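Listed here are the chains, written in short residue letters.
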Amino acid sequence: MVCVRGPLRKLTGGRPEHELQGATVLALLQALEAAYPEVDGWILDERGLIRRHINVFVNGGRAGEASDVRSGDRVEVIPAITGG
Amino acid sequence: MTELVVGTKKGLFVLEGEPGEGFEIQTRAFAGQPVDFATRDPRSGRLLATVTSPFYGPKIFYSDDAGADWEQAEGAALPEGGDRALERIWVIACGQDSGTVYAGGDPGVLFESRDGGASWEINAGLWEQPSRPHWQPGGGGLCLHTICTWPGDPDRLAVAVSAAGMWLTEDAGRTWRRGNEGIVPRYLPQEALADENAGRCVHHVERAPKRPERMFMQFHGGVYRSDDAGASWTDIGGGGLPSDFGFPLMIDPADPDSAYVIPLVADMDRVTPDGRVRVYETRDGGASWAARGDGLPSEHAYLTVLRQAFARAAEGDALQLYFGATSGDLFGSGDAGATWTTVATRLPPVFSVEAS
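Line by line, the protein sequences are chains A and B.
Position 29 of the first sequence, counted from 1, bears residue number 29 in the working numbering, the numbering being contiguous throughout.
Position 20 of the second sequence, counted from 1, bears residue number 20 in the working numbering, the numbering being contiguous throughout.
Just so you know, not all the hints are guaranteed correct.
[What the hints assert, rightly or not] Stretches of chain B that chain A covers, calculated by requiring three or more beta carbons in the stretch to come under 8 Å of a beta carbon on chain A:
| hint | region |
| --- | --- |
| 1 | 76-85 |
| 2 | 275-285 |
[As the list claims (entries may be wrong)] Label-pair distances were calculated between CB atoms; the ranges are:
| hint | chain 1 | residue 1 | chain 2 | residue 2 | range |
| --- | --- | --- | --- | --- | --- |
| 3 | A | Met1 | B | Trp127 | 56 to 62 Å |
| 4 | B | Pro189 | A | Gly48 | 38 to 44 Å |
| 5 | B | Gly45 | A | Glu19 | 42 to 48 Å |
These are computed hints drawn from the structure, not numbers from a lab.
All of these numbers come straight from a predicted model, not from anything done at the bench.
A virtual CB, placed ideally from N, CA and C, is assigned to each residue, including glycine.
Looking at chain A on its own, in the form it has when it is part of the complex (with noise of 0.2 Å):
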């Protein structure tokens, strides 16, 4: 399940959570974009990472590119919250 709110939410159909299949987060994030062609580019950059100030947590636990995903694993895409 990965779950997008803000901007993310409207260039992915209107909704806040999403089922796809992946065994990274990286692959999830992948397969959101093929699902989603509009996301292309907001949530990973041209290298396949994701951008620096979004955060990305698999149940709760900070998260990156390679870091596994179960079956069941909730997958949420936050923007950071930066400066002081």
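Add chain B to chain A, keeping to what the hints say.
Just chain B, lined up with the frame of chain A:
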């Protein structure tokens, strides 16, 4: 009626009014987001804006209904799978062919659109320059911030990259050559000047449309003129300027001998000299400069004007000039810089101004 399209740190503003008679804000878009550059294509009426979300990266958007609705353009990105990501899009410029629009960004990348800005492709000739691995970024990144077209000739283009210098093409961007002869970066040791990859920190360039081989450059310490289409440059930074450091530069399209600069103290103190805001004008190709400050703040005014925040409309005696500062102040002149009025105050920090 003059329209000002203003990119700021917190959104896009469109103002309308008459010089000297006041302007009103008509539109605000991209609230809260940095709008690095915005312009209206006079051929189509389309508004184009470059927006760099701190979260979601740089994008180009366009609007065909005066800013009410915006569409994201396609293709303004680096090739996937490389080792770089697009950091920011600094400028958009209309081309000479119908529908052609250019965009420049960081890392030193040029994009081209043939459909008025709805879709973009990277210019491979510049992207694949063999010297690219040796290009050095300026303080604002490796930004391609200046795009000078050649009136009537779509094959000829000049672009400037901080700090990879000037690049010139005469075959529509298939091949490029440098155009830095005569430029003397004072921040480099003498021994490094022979290294063409050592930083040439161009800040802004304008071409004189009635004599296209003539160009004016604001450099990182130096004001220059070229009479051979950007191949070589002559220092014109003396002759009355309080400083030859600054970012923006503008010209009067009716007069190839004209240029306007807004000097700042120096790279270590990027504010208007002596707490006075003044525009400097030359009408003799840079041999002499005269201060134009009637109506501008003249006491305890320490403003910073960025490279894209100086614009013009019309020409000759009707030339209008506008510039914005990071203070959020916006100033305008309806008489070629002789007198000035305050167009707006308390805007977010102004990144870019375009007038039409």
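The hints, checked one at a time:
1. 76-85: holds (count 9)
2. 275-285: violated (count 0)
3. A:Met1 <-> B:Trp127: 56 to 62 Å: violated, 39 Å
4. B:Pro189 <-> A:Gly48: 38 to 44 Å: With Cβ atoms ~40 Å apart, the hint holds.
5. B:Gly45 <-> A:Glu19: 42 to 48 Å: Once the Cβ atoms are compared, 43 Å apart, the range 42 to 48 Å for A:Glu19 and B:Gly45 holds.
Hint compliance for this structure: hints 2 and 3 are not met, and every other hint is.
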